[in-house]
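J.: Sequence:
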Amino acid sequence: MRIRASVAAVTGALALSALAVPAAHADGTGSVYRTQAMKIVKGAHAASGKQGVTSVRGGVPYDLNVTFSQFKVAKAIKVGTTNHVTSTVTYTLTHGADVDVTADDFLTGPYLYKGAFDYPDNTVFGDMPATCKVATATTAKCTGKLDIYPADGWLFNSDAGSWKGGAVAFAFNGQDQENPDPSKVGVADKGGLGYTSVQRYSRQTVNATPEPVKKGRTITVTGALTRANWEDNKYHGYTKQSVKLQFKKKGASAYTTLKTVKTDSRGNLKTTVKATADGYFRYSFAGTSTTPAIDSTADFVDVR
1 MRIRASVAAV TGALALSALA VPAAHADGTG SVYRTQAMKI VKGAHAASGK
51 QGVTSVRGGV PYDLNVTFSQ FKVAKAIKVG TTNHVTSTVT YTLTHGADVD
101 VTADDFLTGP YLYKGAFDYP DNTVFGDMPA TCKVATATTA KCTGKLDIYP
151 ADGWLFNSDA GSWKGGAVAF AFNGQDQENP DPSKVGVADK GGLGYTSVQR
201 YSRQTVNATP EPVKKGRTIT VTGALTRANW EDNKYHGYTK QSVKLQFKKK
251 GASAYTTLKT VKTDSRGNLK TTVKATADGY FRYSFAGTST TPAIDSTADF
301 VDVR
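First residue of the sequence shown? That's 1 in the working numbering, and the numbers climb one at a time after it.
A hint or two may mislead.
[As the list claims (entries may be wrong)] Straight-line alpha carbon distances no greater than 25 Å define the calculated SDA-like cross-link-like pairs of lysine to any residue that follow: (1) K190 - S253; (2) K145 - F117; (3) K78 - P292; (4) K190 - P292; (5) K214 - K190.
It should be emphasised that the hints constitute simulated quantities derived from the structure, not laboratory data.
Just need the whole structure built from these sequences, with the hints factored in.
T.: See below:
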């Protein structure tokens with residue numbers, strides 16, 4: 001689900017009723033968890049800029065005596081155009097003696113948000129709540145997953161780059177989880193726990209011709225650098241990017257850089273070199289903050 005700041009700024013009951021979980025990706029407890037997490041993070045933040053959420057039934061949840069720490073997430077999450085992407089997050093949950101983290105209706109999980117905590121441009125949750133193992137009388141070690149479905153339009157190209165990590169927990173205390181009395185539900189929500197990059201998946205190709213080739217003749221090396229477009233679910237050329245042409249002589253263990261080439265207005269690459277020895281050519285892209293590094297597969301050229 002993609003909710004931009006202009007939509008997330010809706011307040012009160014309207015904000016809550018506007019948020020829903022994609023049914024195809026969460027059932028049972030997961031559906032309740034994701035729905036409630038979306039309401040809290042996307043509705044409450046925008047509506048009040050603080051914890052708590054106004055419900056259709058009225059009332060505000062109380063502040064749950066829970067804090068989060070030691071949040072660990074991958075440095076980068078690479079997302080293509082169609083495949084479901086998951087990423088594991090671990091964190092420590094610290095709670096008061098009045099909080100039963102082993103209760104069936106105690107739910108917690110990680111999330112990512114783009115932009116400001118109070119008014120996030122976009123958010124990513126997990127389909128299911130985290131699993132937590134009791135460590136001490138007041139702490140638990142939790143592991144949760146983030147689930148991203150780019151084919152469903154959850155991301156915009158402008159979402160690529162730095163995201164922050166947060167975590168949420170709620171205790172329903174025996175309430176109907178799909179229609180609780182908010183005043184009897186405890187909520188804890190915290191942002192700024194960690195950082196990651198959500199990147200547009202990249203592809204790199206190479207083709208060296210002719211093959212075979214006589215020593216001293218010219219070899220033309222073409223290729224293309226493309227990356228995922230989250231708005232039309234296709235791959236498009238990544239333009240004006242510096243890419244290294246590398247060569248590994250047959251029998252050698254490492255590549256050496258021959259030259260740096262820039263992609264054209266369509267992401268294509270083309271350059272020439274002299275044939276010196278049998279070996280492998282590849283294009284190597286170092287990556288950017290929005291697009292991961294990628295090496296093409298090697299193309300062998302037989303020099304005679």
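J.: Which hint numbers does the structure go against, in order from smallest to largest?
T.: Numbers 1, 4 and 5 - these are the hints that the structure violates, sorted from lowest upward.
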